[in-house]
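Visitor: Sequence:
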Amino acid sequence: MAAPWEVELTHGRIGIRPLRRSDANRWSELRAANGGWLSPWDATLPPEGGQQVTSYRQMISVLRRRARHGEGMPFVSTWDGVMVGQVSVSSIVGGSARSASIGYWVSADHAGRGITPTGVALVCDHLFGTTRLHRVDIAIRPENHPSLAVVRRLGFTDVGLAPRYLHIAGRWADHRLFQLVAEDVQGRVLDRV
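Positions 1 to 193 (the UniProt record's numbering) are the ones given, in order, by the sequence shown.
Keep in mind the hints are simulated off the structure, nothing from the lab.
Quantities reported herein were computed from a predicted structural model and do not represent experimental measurements.
Honestly, I wouldn't trust all of these hints.
Simulated restraints, written as ranges between beta carbons of each label pair [what the hints assert, rightly or not]:
hint, residue 1, residue 2, range
1, 44, 183, 34 to 40 Å
2, 20, 43, 20 to 26 Å
3, 113, 40, 16 to 22 Å
4, 81, 32, 31 to 37 Å
Where a beta carbon is used, it is the ideal one built from N, C-alpha and C, also for glycine.
Let's have the full structure, built from the sequences with the hints guiding it.
Guide: This is the structure:
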């Protein structure tokens, strides 16, 4: 039986599939070409945060190990089958919380095509349906208007400001926290796209 993260989800030209070792070249190309587009939002490690992951090989090893332990689901988003971004599920918790967090990015040349909201919706439907989670969280910098549009479009609830929530670009940055809970979804999250 396949693990919950070893799925391929599609809607039209948009797809979600597991991040693979063979994605190394494409992932590196996308990250290099989109450095300025993504760097204002990318998490960084503070000095006391441990050793920085410096290669794709190290990153995929960490993400796949977390996936095997049920702690995460590393996905890529695709357009016509070609990788154009990433949707990562992290901090999966069972027990009485049954929750997870989602982070995402898409290349600048594919922004505005509905890839991110559709990909996040597909992943949320998978988390609520297949893995039976109760809550999905997304943390967004208050000035990241395109990302704020994604959660608003999908009906996430703004639960407030978290001061100095994540380390971004060398400093602790405020984030708005959003959540979607299973009881608030009538039908599919994908129906909201």
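Visitor: It remains to establish, for every hint, whether it holds in the given structure.
Guide: Verification of the hints:
1. 44 <-> 183: 34 to 40 Å: 35 Å, holds
2. 20 <-> 43: 20 to 26 Å: 22 Å, holds
3. 113 <-> 40: 16 to 22 Å: Holds: the Cβ-Cβ distance is about 21 Å, inside 16 to 22 Å.
4. 81 <-> 32: 31 to 37 Å: 21 Å, violated
Hint 4 from the earlier list is the only one contradicted by this structure; the remaining hints agree with it.
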